[in-house]
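Novice: Protein chains in written order, with our numbering: chain P, 1 to 291; chain Z, 1 to 291; chain Y, 1 to 291; chain V, 1 to 291.
Among the clues, some could well be false.
A pair counts as met if it fits within one copy or between any two copies, since identical chains are not told apart.
Within a straight-line C-alpha distance of at most 25 Å, the following computed SDA-like cross-link-like pairs (lysine to any residue) qualify [as the list claims (entries may be wrong)]: (1) K101 <-> L234; (2) K163 <-> D235; (3) K101 <-> A114; (4) K210 <-> D43; (5) K101 <-> A120; (6) K286 <-> V207; (7) K93 <-> R258.
Simulated from the structure, these hints should not be mistaken for lab results. All values reported here derive from a predicted model rather than from experimental measurement.
Now for the letters of each chain:
Number of protein chains: 4
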Amino acid sequence: MSSSDRRFVLTLGCPDRTGIVARISTFLADLGGSIVEAAYHADADSGWFFTRQAVAASSVSVSADELRSRFEVVAREIGPETEWALHDSGEPKRVVLLVSKEAHCLHDLLGRAAGGELPATISAVIGNHPELEATATAHGVRFHHVPFPKDPAERGPAFTELKELVDSYSPDAVVLARFMQVLPPELCEHWAGRAINIHHSFLPSFVGAKPYHQAFARGVKLIGATCHLVTSELDAGPIIEQDVIRVDHSDAVADMVRQGRDIEKLVLARGLRWHLEDRVLVHGRKTVVFS
Amino acid sequence: MSSSDRRFVLTLGCPDRTGIVARISTFLADLGGSIVEAAYHADADSGWFFTRQAVAASSVSVSADELRSRFEVVAREIGPETEWALHDSGEPKRVVLLVSKEAHCLHDLLGRAAGGELPATISAVIGNHPELEATATAHGVRFHHVPFPKDPAERGPAFTELKELVDSYSPDAVVLARFMQVLPPELCEHWAGRAINIHHSFLPSFVGAKPYHQAFARGVKLIGATCHLVTSELDAGPIIEQDVIRVDHSDAVADMVRQGRDIEKLVLARGLRWHLEDRVLVHGRKTVVFS
Amino acid sequence: MSSSDRRFVLTLGCPDRTGIVARISTFLADLGGSIVEAAYHADADSGWFFTRQAVAASSVSVSADELRSRFEVVAREIGPETEWALHDSGEPKRVVLLVSKEAHCLHDLLGRAAGGELPATISAVIGNHPELEATATAHGVRFHHVPFPKDPAERGPAFTELKELVDSYSPDAVVLARFMQVLPPELCEHWAGRAINIHHSFLPSFVGAKPYHQAFARGVKLIGATCHLVTSELDAGPIIEQDVIRVDHSDAVADMVRQGRDIEKLVLARGLRWHLEDRVLVHGRKTVVFS
Amino acid sequence: MSSSDRRFVLTLGCPDRTGIVARISTFLADLGGSIVEAAYHADADSGWFFTRQAVAASSVSVSADELRSRFEVVAREIGPETEWALHDSGEPKRVVLLVSKEAHCLHDLLGRAAGGELPATISAVIGNHPELEATATAHGVRFHHVPFPKDPAERGPAFTELKELVDSYSPDAVVLARFMQVLPPELCEHWAGRAINIHHSFLPSFVGAKPYHQAFARGVKLIGATCHLVTSELDAGPIIEQDVIRVDHSDAVADMVRQGRDIEKLVLARGLRWHLEDRVLVHGRKTVVFS
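Hey, can you work out the whole structure from these sequences and the hints?
Specialist: Rendered as structure tokens:
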């Protein structure tokens with residue numbers, strides 16, 4: 001990113017009422033802010049208002065911190081329930097990837113990061129199996145192996161090690177890139193809003209294990225993948241992105257697995273990029289995605 | 001259809017073994033049969049073999065009935081579990097549509113029938129409400145109103161009337177074109193293999209009532225529709241066709257309902273056409289669709 | 001539409017500069033305007049800014065005319081090149097459909113209008129052939145037959161009659177719903193911004209006659225349709241919407257024609273609805289579509 | 001591939017006539033051949049017949065060579081124009097990739113090859129620039145740099161070197177994976193049926209240079225990619241596969257380039273896999289793809 005592309009990205013959610021857009025846009029205009037992108041959503045169902053605004057950093061004469069402290073006043077005026085953040089795209093984000101044995105999502109994200117497609121650095125890859133170490137290190141990314149005992153009752157220490165390792169990188173996103181372990185509730189809570197999973201089905205169909213086998217058994221004509229935020233309820237977190245691909249009677253489970261990989265990669269890559277670009281706003285069990 | 005387009009369509013399913021294709025194709029070749037379309041599927045999971053062959057009627061010198069009686073010998077040779085049918089496309093099929101108050105699927109199918117897109121005659125439309133009578137009669141199709149009592153326990157006589165009315169047309173397909181009544185098990189059984197439903201979700205997600213409301217509540221990013229054969233288990237019959245359309249946070253339930261109609265129409269029209277062209281072979285809970 | 005759903009829809013395009021959003025949103029907020037939908041686009045390529053804002057009519061105490069006259073002052077402040085319009089959704093729009101012999105788009109739009117999907121009245125259907133009269137009148141819509149001579153050099157009077165007939169309805173949209181005549185430049189100019197065509201290919205591929213035949217000859221794996229504004233250059237006007245459907249080697253031209261109809265219907269219906277809801281802003285050869 | 005998955009794949013094209021299927025299937029049945037997959041296409045337009053049959057190698061007691069010499073007799077019986085091939089999936093194919101500076105297709109194919117998704121070995125990567133050497137060698141694949149002079153008139157020796165290098169690997173597929181050089185006619189001829197290109201547009205739209213810029217200028221609502229066999233006419237060879245992705249007014253050229261990469265990767269990977277599995281039969285300017 002050249003410095004001329006640097007942006008301050010404001011995201012905000014609050015109970016809807018008249019005048020919020022005027023208040024925010026006047027604030028930005030008074031600073032000379034040139035708005036590169038702006039999106040709004042008034043949700044009739046929840047009564048909430050959401051916005052995302054990207055301002056050319058070069059157009060305002062103040063720092064991100066100064067902007068934050070000035071906007072704090074506006075946010076308070078708008079109301080006490082207001083949730084907001086201001087991100088400086090010049091401060092690159094950090095991502096930690098959790099993997100198991102399946103390489104495709106890892107390989108795909110490493111390629112995108114190398115090609116400049118993800119506005120973030122992949123800080124580390126952590127596997128509960130050692131198989132993907134070479135894939136990570138070939139891209140110059142550090143790999144950690146945290147073995148998980150077979151007995152679920154004995155996995156506590158492994159999760160503790162995982163938590164400390166991940167937290168040591170202070171990541172903006174913890175991506176379960178076909179990590180085959182269910183996170184314990186305390187880790188879901190600890191990484192709330194930052195832990196992103198790719199599930200290999202079109203949720204809410206085929207929750208849990210072996211979704212392609214479930215899809216095959218049911219005889220569906222499309223298979224899909226879902227990128228969602230992780231919550232303590234399995235495969236039930238707010239959905240960021242989904243997509244599907246057509247299958248037919250000639251596709252065995254192995255064909256579904258192969259074709260499904262392409263959808264998993266695409267859906268995870270899109271969802272992660274939107275998260276890193278502050279395009280995903282969560283409200284209750286749902287997301288607003290300003291893609 | 002011009003007489004030169006008339007076809008004999010053979011469909012067959014049986015336990016797979018070597019030599020079936022050779023046996024069938026030799027039989028057809030010996031009659032001089034010119035094969036216009038041929039499709040095969042050997043299902044590794046169930047161990048069954050399926051085929052559909054369309055022969056130009058003008059290329060064989062025998063009648064459909066004669067062809068059936070000769071093929072009976074071949075089928076017996078292939079094995080006792082063999083299931084087969086031979087349809088003469090010169091004998092047009094009959095369809096009865098069951099509707100409620102929603103017009104879009106009815107309007108769509110009537111337009112397709114008028115345009116020659118469906119290889120069948122729509123014999124009658126039966127509604128549990130009178131609202132769609134004008135839509136049917138404007139296309140010259142007879143409409144019957146069979147009122148259903150509010151209390152499910154009192155609907156027995158209405159279902160009996162429905163059964164007799166439908167059966168009086170000897171239909172090849174009984175289409176639940178957004179018919180909002182759940183058929184009793186004995187009707188599912190009675191019309192097995194002929195009753196086709198359009199469900200307004202991407203099954204197995206959102207079974208039952210108000211699937212768009214369910215989809216909205218879950219925050220999915222795609223909504224879909226499913227055309228399936230009716231069985232006594234609600235929304236669980238063999239799937240013929242499915243498709244989806246993208247939605248986002250800005251779509252309220254009413255928007256989903258509106259956009260979903262287009263997918264319902266497409267999916268039902270495709271599924272029904274395939275059924276009428278003998279492209280759908282059912283095996284257990286699944287279909288083979290030679291589209 | 002219930003009166004509580006009535007909206008004032010403002011669309012605006014102008015050279016981009018700082019403060020436009022603030023100016024407009026402050027104007028609306030000062031009137032107490034509750035913004036139901038808002039969309040913005042700053043086009044880096046052309047340097048233009050575009051917006052569409054839908055305000056709940058019940059939230060502002062002035063009439064549409066009063067709102068227009070007050071906004072005129074704001075628009076002048078924003079700059080002399082500003083193009084804007086304010087539409088009152090309580091004033092229903094009028095559509096005239098031009099057809100030939102193909103029924104599918106006509107049938108589809110009549111069904112949508114009857115179902116309340118189009119925010120407009122279909123005022124009349126005009127055909128250069130008489131075949132579709134019954135389709136129109138079955139929906140209670142007036143049909144006019146304007147015969148066109150075979151010799152293109154002699155079509156002048158027919159186009160004059162067409163122009164006068166169309167203009168007698170003062171339509172907001174003149175839809176070429178598979179009308180197989182190329183409009184003369186003066187009619188393109190006369191109906192500029194209101195004449196909408198559906199072309200049965202994925203433009204710019206397969207301009208002109210028989211696009212499905214062209215697609216078949218080239219062996220493409222997807223066929224499409226394009227809804228665009230009519231300009232004097234054939235099939236080259238600003239594109240509103242496009243979509244495609246998969247075909248393969250087994251599809252003859254007739255199969256493409258049949259499958260293509262579904263895409264034509266969908267693409268035209270979407271494009272027309274967006275036009276009628278003031279979601280389509282034209283700039284040069286391109287559109288901004290706030291769908 | 002386990003030995004039990006080894007297949008003999010027969011592909012055949014010939015003028016259509018009665019009895020071909022019977023002749024081939026009887027031949028295979030007489031050898032005890034268990035048919036795992038079979039596909040047929042009778043092309044009404046060209047009057048040709050095409051088939052692909054995959055036989056479990058373990059079910060026939062003869063070698064691939066013996067099978068070929070026996071089938072030669074059948075092919076001669078069928079007719080002098082018959083074109084056929086029999087491939088033993090136990091003899092892995094070889095692929096050479098030609099690249100320039102864009103890494104995404106290379107990275108994607110290397111990942112698929114490593115994951116066992118491509119039934120082939122990537123023998124070498126050849127670049128007209130040195131940038132992608134590390135990407136290739138990180139996957140253990142040999143990289144050759146063949147520099148091309150700026151002046152097209154002076155590229156003859158480079159093409160000669162390229163030809164010799166490629167031919168030294170006797171590849172079954174020469175893939176132009178975003179190779180930005182137009183092959184001279186003699187190389188197109190030399191590698192006819194084996195050279196596969198990915199073009200970053202939905203052909204026949206936007207032939208030649210900078211298709212995303214062309215797409216942006218035209219304002220299309222979908223962008224696409226096309227995998228095709230290379231012929232001496234630029235971007236006009238038989239199409240194997242195409243796909244598209246939705247864009248809108250907010251997408252600048254750079255956004256199209258980024259989103260387009262995903263479609264390029266998918267379309268090339270599918271097309272190449274089908275080619276390597278002998279699923280692509282070419283006839284004139286078109287393909288039959290038994291996918």
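Novice: Decide, hint by hint, whether the structure agrees.
Specialist: Okay, the hints, checked on the actual structure:
1. For the homomeric pair K101 and L234, the shortest alpha-carbon distance inside one copy (21 Å) is at most 25 Å, but the shortest distance between copies (39 Å) is not.
2. In this assembly of identical chains, K163 and D235 lie within 25 Å of each other by CA distance solely inside one copy; the values are 20 Å within and 43 Å between copies.
3. Taking identical chains as interchangeable, the C-alpha atoms of K101 and A114 lie at most 25 Å apart whether they share a chain (21 Å) or sit on different chains (13 Å).
4. Taking identical chains as interchangeable, the C-alpha atoms of K210 and D43 lie at most 25 Å apart only when they sit on different chains, with a minimum of 20 Å there against 35 Å within one chain.
5. Taking the closest pair of Cα atoms, K101 and A120 come within 25 Å of each other both inside a single copy (24 Å) and across two copies (22 Å).
6. In this assembly of identical chains, K286 and V207 lie within 25 Å of each other by CA distance both inside one copy and across copies; the values are 17 Å within and 20 Å between.
7. With identical chains, the CA atoms of K93 and R258 are at most 25 Å apart between copies only, with a shortest distance of 20 Å across copies and 31 Å within one.
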